[in-house]
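Residue numbers (our numbering), protein chains in the order written: chain A, 1 to 263; chain B, 264 to 535; chain C, 536 to 859.
Everything labelled a hint here was simulated from the structure, so no lab data went into it.
Only pairs whose alpha carbons sit at most 20 Å apart, straight line, appear in this in silico SDA-like list of lysine to any residue:
#1 K798/C with R260/A
#2 K242/A with F42/A
#3 K198/A with D804/C
#4 K206/A with R45/A
#5 K681/C with L256/A
#6 K232/A with K681/C
#7 K557/C with S159/A
Now the stretches of chain A that chain C is said to cover, found in silico as 3 or more residues with beta-carbon under 8 Å:
#8 49-61
#9 188-199
#10 212-219
Here are a few chain B residues that face chain A, going by a calculated C-beta distance under 7 Å:
#11 L423
#12 Y424
#13 S427
#14 A430
#15 L431
#16 G432
#17 Y442
#18 P445
#19 N446
Ideal Cβ positions, reconstructed from N, Cα and C, are used throughout, including at glycine.
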Amino acid sequence: MVINPGRQILLEVKNLTVRYRQRNGFGWREKTVDALNDVSFFIHRGETLALVGETGSGKSTIAMSILHFVSPDSGEILYSGEDVWKFKRAELRAYHRKIQPVFQNADESLNPRLKVRSMLVDALVPALSTEEKNRRIREYLSAVQLDEDVLDCFPHQLSGGQKQRVCIARALATESEMLILDEAISSQDLSLQAHLLKLLSELKKKFSLTYLYISHDLETVRVIADRVGIIKDGRLIEIGEKDEIFNSPEEPYTQLLLERSRF
Amino acid sequence: MWGEKTFRCGTVLILTILLLCVCLPWVMPQDPYAQNLEEISQPPSLAHPFGTDFFGRDLFSRILYGGRLSLTIGIVVTFFAVVIGTIIGMVSGYFGGWPDAALMRFVDVMLGFPRLFILLTVIGFTRPSFGLMLAVLSLFSWMEVARIVRAEVLTVRERLYVKSAVALGLSRRRVLFRYIFPNILSPIIVSATLMVGSVIVIESGLSFIGMGVQPPDASWGTILNQGFQDLAGAWWITLFSGLAIVVTVIGFNLVGDGLRNILDSKTGVRES
Amino acid sequence: MDRLALDVRNLSLSIQTEGVDKSIFEDVSFCLGDSSLLAVVGESGGGKSLLCKSLLRLIPGDARLSGSAVISGLQTPVDLISCPDFEMESVRGRRIGMVFQEPAASMNPVMTCGEQICDALPKTIRIDRRSARRRTTELLEFVGFKEPSRIARSYPHELSGGMLQKVATVLAIAGEPSILIADEPSTALDAVNRFELMELFQRLRNEFGMSILWVTHELRSALTYADELLVMYAGNVMESGSAAEIAEHPKHPYTKALLDVEKSFREPDGPRPIPEETLPVKKRDGGCVFAGRCEFAKPICRNEMPKWESDQRRRGWRCHFPLK
Numbered sequence: 001m002v003i004n005p006g007r008q009i010l011l012e013v014k015n016l017t018v019r020y021r022q023r024n025g026f027g028w029r030e031k032t033v034d035a036l037n038d039v040s041f042f043i044h045r046g047e048t049l050a051l052v053g054e055t056g057s058g059k060s061t062i063a064m065s066i067l068h069f070v071s072p073d074s075g076e077i078l079y080s081g082e083d084v085w086k087f088k089r090a091e092l093r094a095y096h097r098k099i100q101p102v103f104q105n106a107d108e109s110l111n112p113r114l115k116v117r118s119m120l121v122d123a124l125v126p127a128l129s130t131e132e133k134n135r136r137i138r139e140y141l142s143a144v145q146l147d148e149d150v151l152d153c154f155p156h157q158l159s160g161g162q163k164q165r166v167c168i169a170r171a172l173a174t175e176s177e178m179l180i181l182d183e184a185i186s187s188q189d190l191s192l193q194a195h196l197l198k199l200l201s202e203l204k205k206k207f208s209l210t211y212l213y214i215s216h217d218l219e220t221v222r223v224i225a226d227r228v229g230i231i232k233d234g235r236l237i238e239i240g241e242k243d244e245i246f247n248s249p250e251e252p253y254t255q256l257l258l259e260r261s262r263f
Numbered sequence: 264m265w266g267e268k269t270f271r272c273g274t275v276l277i278l279t280i281l282l283l284c285v286c287l288p289w290v291m292p293q294d295p296y297a298q299n300l301e302e303i304s305q306p307p308s309l310a311h312p313f314g315t316d317f318f319g320r321d322l323f324s325r326i327l328y329g330g331r332l333s334l335t336i337g338i339v340v341t342f343f344a345v346v347i348g349t350i351i352g353m354v355s356g357y358f359g360g361w362p363d364a365a366l367m368r369f370v371d372v373m374l375g376f377p378r379l380f381i382l383l384t385v386i387g388f389t390r391p392s393f394g395l396m397l398a399v400l401s402l403f404s405w406m407e408v409a410r411i412v413r414a415e416v417l418t419v420r421e422r423l424y425v426k427s428a429v430a431l432g433l434s435r436r437r438v439l440f441r442y443i444f445p446n447i448l449s450p451i452i453v454s455a456t457l458m459v460g461s462v463i464v465i466e467s468g469l470s471f472i473g474m475g476v477q478p479p480d481a482s483w484g485t486i487l488n489q490g491f492q493d494l495a496g497a498w499w500i501t502l503f504s505g506l507a508i509v510v511t512v513i514g515f516n517l518v519g520d521g522l523r524n525i526l527d528s529k530t531g532v533r534e535s
Numbered sequence: 536m537d538r539l540a541l542d543v544r545n546l547s548l549s550i551q552t553e554g555v556d557k558s559i560f561e562d563v564s565f566c567l568g569d570s571s572l573l574a575v576v577g578e579s580g581g582g583k584s585l586l587c588k589s590l591l592r593l594i595p596g597d598a599r600l601s602g603s604a605v606i607s608g609l610q611t612p613v614d615l616i617s618c619p620d621f622e623m624e625s626v627r628g629r630r631i632g633m634v635f636q637e638p639a640a641s642m643n644p645v646m647t648c649g650e651q652i653c654d655a656l657p658k659t660i661r662i663d664r665r666s667a668r669r670r671t672t673e674l675l676e677f678v679g680f681k682e683p684s685r686i687a688r689s690y691p692h693e694l695s696g697g698m699l700q701k702v703a704t705v706l707a708i709a710g711e712p713s714i715l716i717a718d719e720p721s722t723a724l725d726a727v728n729r730f731e732l733m734e735l736f737q738r739l740r741n742e743f744g745m746s747i748l749w750v751t752h753e754l755r756s757a758l759t760y761a762d763e764l765l766v767m768y769a770g771n772v773m774e775s776g777s778a779a780e781i782a783e784h785p786k787h788p789y790t791k792a793l794l795d796v797e798k799s800f801r802e803p804d805g806p807r808p809i810p811e812e813t814l815p816v817k818k819r820d821g822g823c824v825f826a827g828r829c830e831f832a833k834p835i836c837r838n839e840m841p842k843w844e845s846d847q848r849r850r851g852w853r854c855h856f857p858l859k
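Isolated chain A (complex conformation):
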């Protein structure tokens, strides 16, 4: 791995291994399954790294580990050089605000009992004045191209695209540095995917964000990524610049993925 000296590494994952303990139906036999096996990669500040793999390949476990929701069995996750899994509670809360997830299922990611306004207020720095909060909410809403009418809606009153935009707005509102987009747009239809891809690249420039883009779909990866990593059966089998991966993939699985791609 060559580290570009001119750029700062924002997040580094070192030898990450996560095992799940599984039981059969009655819990008699127990076995461990490697969800992730010795995965290492880094993300430069301001870059979009895409991780591609099929459902169950472990790519979401990476996201969950980075987000401090699934603890690694071995390995480290370094954010600006600091080990995320050694943070104290206050540091962890500060870290969480810098690194925000957007999940596939927008329905599931929004509290059904809160209006959009309260959700966004929760994401803002609490110390702000009410006027400043309202100003920022408007700013973030317009950044994700939503009308202000949605503020007084509950999630179930919004369309799928609107919900995903609310999720993105909420992720921005914490003044985050990095978004983890875990299949964030994959289940949408293509026109909406196109909208969101465009939106994401605008936001990246506007708020100088770093993206970890996790997907099973190479077509959207081709549009958004700078570098691409391929995950198969819990291992990172190949990682490199987008053009390298798309033009001269080394691994047979990557070649097959490209060959079978949608178009």
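Start from chain A and add chains B and C according to the hints.
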């Protein structure tokens, strides 16, 4: 909300009973304690719609007065049980680890005691009183709620909106009260309404065997007990006090079931 | 197309929400030919998924369904919309199988895949354990598993998404139905698995003579694999016809817009979405449902719903100004 039929029936029933119990003692002419030895054990008539008891007291008035006690016990005990159960369940479910293990073992221990026998023992050693019964019933009724709440918290805790809230850097208290609590409220409310009915039944049972409310105070249980002393001769005493219990319990259960339907369909939370 | 497997006429569905009838889809008619593949294409929210569920009557009780959907084939014809519930039970799984978008959610997590498949087999096979096992192994082999007995012993969470979707397909075909309804089966799959699943569907048609109704939002792959297409938007059929003709000359601007979006993903300037709805959905009374996003829309499009037109070659469209 009003469109839900079960809920509407239940609410009308409960409100009627509450209204009767709360207001009618002022409107009703007969004093429930006034004994009238000339009208002992009268069957239902125009003057006494539910008849009279062995001391010639008007049964209708007594049942309404008794309802005050029975309902108070039902509601107060449920309130305390739900508060205790919710707090313990939420702490247990949200924090997990050793607090969870400790609290749940405590719940198991509490459930291990047969509630009725504990009540009998405690009351047997002291003088039966209204306050004591409230306290003991409350202390031994929250376990079910704690378990329901814990299970719900465990499910909701894994939902992505809770994870997203954690990722917003919100404090644990805020996550618990703003993101988890409102989403487990409906099972709590439902189990609370169902509980009121069961507490009333237990109270009646205790009073029936003479361990609850003491004469001359009346609760539905004591009146029922009285009726049993001469079931063949004065059937109406048993019938009407029993009916009062049954109707109230049904009313609360209807409200509970109706609320479940309403809360689950609203906001599309459980819509498939 | 000589024989029909499924004949759907004027199917409409509306669901009551807060006292108001909300139309999910309206006046949908199509024919599914014997051992052919019909793709229903459109964006999410277009009513495609509920169309599938309606055919099996897996819809909420307060939904109002009208029209007819007759399955014929070798057995007696049955109208799926009006037949009594007990008859519907013998249709589900036995004459129509269904595959869903999320295979993990449609399987029982505490039973092994093999047990679940055995349960779905017809009674005549299920009656004998050995024949049931043999059949399970055969089916798993058929969908491309090299170690069918290992798969049969696995629980759903032990398999990857692509494998699960194949197991789900086995579940759907275990009851030997003649029709398969697949609701976005490939959306959550990566390119390799998607390709394998579509190849599997082709084999189901060729070797078992199954007729497949396939719902997808990817027009391009629909054009590749399907014989016939039904393009839906906001609960209305916009265009229908053979895949070859639609690929060459889309008649409806919506079909063309969908094709353009897919093409634009490979362009250097990045993907170009279809412009978003300018009119709130509630306000479109009478006009064409796509008018708010259509680049060719004229005033008449906003005021008058275009009629369904069709030519001799089973090609139909709903547009005032069909593209040449």
